[in-house]
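A.B. asks: Sequence:
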Amino acid sequence: MPVSLKDVARKAGVSVATASRALADHPRISENTKARVRQAARELGYTPSAVARSLVKRETHTLGVITTSVTDPYAAQVVKAVEVAAEAAGYHLLLVASHGVPSREVKALRMLYERRVDGIVIISARGMDAYEDVLSHLTVPVVLVNGRVPHPAVRSVSANNRQGASLAVEYLLDAGYTRIAYIGGPTQGQSARHRVQGYVQALQAAGLVPSPDVIFPGQGTAEDGRRALRHMMSLRPKPEAVLCYNDLTAFGVLAEAWAMGVRVPDDLAVIGFDNLPFSELTAPPLTTVAQPTEEMGQTAVSLLLRQRRGEEVQDVVFDCTLVERASVRR
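Its first residue numbered 1, the sequence shown is counted upward by one per residue in this note's numbering.
Among these hints, one or two may not hold up.
[Stated by the list, open to error] Derived CB-CB ranges, DEER-like:
1) Val3 - Gln314: 46 to 52 angstroms
2) Trp258 - His151: 32 to 38 angstroms
3) Thr178 - Gln314: 37 to 43 angstroms
4) Arg110 - Ser4: 18 to 24 angstroms
5) Pro150 - Gly13: 54 to 60 angstroms
6) Pro27 - Leu94: 19 to 25 angstroms
7) His99 - Lys238: 34 to 40 angstroms
8) His151 - Ser103: 42 to 48 angstroms
9) Glu312 - Ser103: 47 to 53 angstroms
10) Ser15 - Arg42: 17 to 23 angstroms
11) His26 - Gln219: 21 to 27 angstroms
12) His99 - Asn160: 54 to 60 angstroms
13) Val3 - Asp319: 50 to 56 angstroms
14) Ala35 - His151: 44 to 50 angstroms
If you are wondering where the hints come from, they were derived from the structure by calculation, not from laboratory data. Heads up, the beta-carbon is just placed ideally off N, CA and C, and yes, glycines get one too.
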């Protein structure tokens with residue numbers, strides 16, 4: 001039978017209430033009594049119930065994290081940064097994958113709230129339009145990473161995706177490329193919409209008209225890159241360069257280019273987005289747009305904890321940078 005608080009109190013010669021306060025380091029309990037109760041707890045092998053503590057203190061020291069997929073390399077980078085920051089602050093994570101399905105995100109949001117987490121981080125949200133009803137009932141802080149929702153209780157930490165995509169296009173234009181293709185991402189995601197907007201805006205700013213025949217739909221997968229490249233190579237004239245929604249898509253472009261005998265960057269320049277760890281290992285090494293994922297994850301946790309302390313916090317937007325490698329001819 002498990003050791004109870006009543007057993008500890010009996011061994012220490014105090015009431016159950018005093019034993020509880022002593023283990024909680026209550027200031028009105030003497031140090032001598034605290035030491036006696038702790039010694040009794042050690043000797044009996046007593047472990048306080050986390051559930052009971054959470055009910056008393058109204059905190060669980062647990063943060064909920066909703067991500068699109070546990071296998072998504074970008075999401076994994078953000079989750080790692082969130083975990084490191086949370087652990088440093090004395091919190092654990094409860095991780096849920098939505099698989100990019102909005103209804104699953106909403107279900108996960110409700111579940112985490114019912115589990116009494118102290119705050120929720122949502123990475124690359126897909127169900128933002130469906131959040132309004134759920135958010136109106138939440139009493140814990142929520143932070144979106146790479147997404148925004150018009151709700152006063154929700155803050156966001158995001159990369160400037162328009163700026164990042166424009167930066168990549170401007171880099172290609174400076175290198176002499178003018179017929180630049182784009183392979184998109186999941187349209188229900190805000191980052192995908194902003195990246196294609198940045199692509200279009202940069203071309204228009206250079207006096208070029210974006211051509212619909214070189215803008216390809218996608219879901220951010222390597223297969224999207226393979227399929228789009230096969231289509232590109234059938235066009236006349238062919239694109240000279242392609243900006244991809246993410247590095248995974250760019251990996252698919254590079255793989256299919258090798259299979260088709262398309263030389264990168266001599267025949268086609270390729271730029272990715274996210275600067276995944278593998279992007280420097282491709283052939284050729286991938287030029288890509290980097291997001292400060294570590295800082296974004298750390299900032300998400302910071303905003304949650306500051307809100308729990310009652311502080312007013314604002315949305316945070318980080319600029320992207322370009323990582324030059326060998327997939328663009330200069």
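A.B. asks: None of the hints should be skipped; say for each whether it holds.
C.D. replies: Going through the hints against the structure:
Valine 3 and glutamine 314 have their C-beta atoms about 48 angstroms apart, which keeps the hinted 46 to 52 angstroms range intact. Remark: the range hint 32 to 38 angstroms for tryptophan 258 to histidine 151 is contradicted by a beta-carbon distance near 46 angstroms. Distance hint check: the CB atoms of threonine 178 and glutamine 314 are about 39 angstroms apart, consistent with the given range 37 to 43 angstroms. The hinted range of 18 to 24 angstroms is not satisfied by arginine 110 and serine 4, whose Cβ atoms lie roughly 33 angstroms apart.
At about 59 angstroms, the beta-carbon gap between proline 150 and glycine 13 stays in the expected band of 54 to 60 angstroms. At about 31 angstroms, the beta-carbon gap between proline 27 and leucine 94 misses the expected band of 19 to 25 angstroms. About 35 angstroms separates the C-beta atoms of histidine 99 and lysine 238, a value consistent with the hinted range of 34 to 40 angstroms. Taken as a hint, the range 42 to 48 angstroms is violated for the pair histidine 151 and serine 103, whose Cβ atoms sit roughly 19 angstroms apart.
With their beta carbons about 32 angstroms apart, glutamate 312 and serine 103 fall outside the hinted range of 47 to 53 angstroms. Between serine 15 and arginine 42 the CB atoms are about 19 angstroms apart, so this pair conforms to the stated range of 17 to 23 angstroms. A hinted range of 21 to 27 angstroms for the beta carbons of histidine 26 and glutamine 219 is inconsistent with their spacing of about 54 angstroms. In this structure the supplied range 54 to 60 angstroms is violated for histidine 99 paired with asparagine 160, their Cβ-Cβ distance being about 27 angstroms.
Taken as a hint, the range 50 to 56 angstroms holds for the pair valine 3 and aspartate 319, whose Cβ atoms sit roughly 55 angstroms apart. In this structure, alanine 35 and histidine 151 meet the distance hint of 44 to 50 angstroms, their C-beta atoms being roughly 48 angstroms apart.
The earlier numbered hints that this structure contradicts are 2, 4, 6, 8, 9, 11 and 12.
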